[in-house]
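Asker: All chains, please: the whole structure from these sequences, using the hints.
Numbering (full-length UniProt numbering), first residue to last: 1 to 103.
FYI, nobody ran anything at the bench for these hints, they're computed from the structure.
Here are the computed distance ranges between Cβ atoms for each label pair: (1) Val49 - Gly23: 32 to 38 Å; (2) Tyr20 - Arg94: 17 to 23 Å; (3) Ser57 - Pro97: 32 to 38 Å; (4) Ala84 - Asp43: 16 to 22 Å; (5) Glu63 - Arg24: 37 to 43 Å; (6) Gly23 - Glu102: 35 to 41 Å; (7) Glu54 - Lys16: 32 to 38 Å; (8) Asn91 - Glu54: 33 to 39 Å; (9) Arg10 - Gln42: 33 to 39 Å; (10) Asp43 - Gly22: 31 to 37 Å; (11) Arg10 - Leu88: 16 to 22 Å; (12) Asp59 - Gly15: 32 to 38 Å; (13) Phe92 - Pro8: 23 to 29 Å; (14) Leu45 - Arg24: 37 to 43 Å.
Backbone N, C-alpha and C fix where the C-beta goes; we use that ideal spot for every residue, glycine too.
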Amino acid sequence: PCRAFWVPGRIEVVGKHTDYAGGRSLLCAINRGFCVVTVDRQDTLLRAVSLQFESGSEDSVVEVALDPNLEVRSDHWSNYVSTAVRRLSQNFGREVPLLGCEA
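Answerer: Now the structure itself:
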């Protein structure tokens, strides 16, 4: 199945880095964000395509494995994807079999 997600951007007025640690934050949504459309895969790869680059260019596509020990590149937009994939794999991959997707 195909799934679509919209995640609004946010501004942190007070409490940066405290919300995920159980603390309080004052946030405000903004009219910018990102949209992700996914299609399931039957393996453990996540293939992501960015529309910010020319279609088919080397920088527009990244493939990462659902691996709790995934190495993250710090000099590329794939850092955001890889960090999220690594965290999902660390938190849930041992208990629930994770499958990849095209995003």
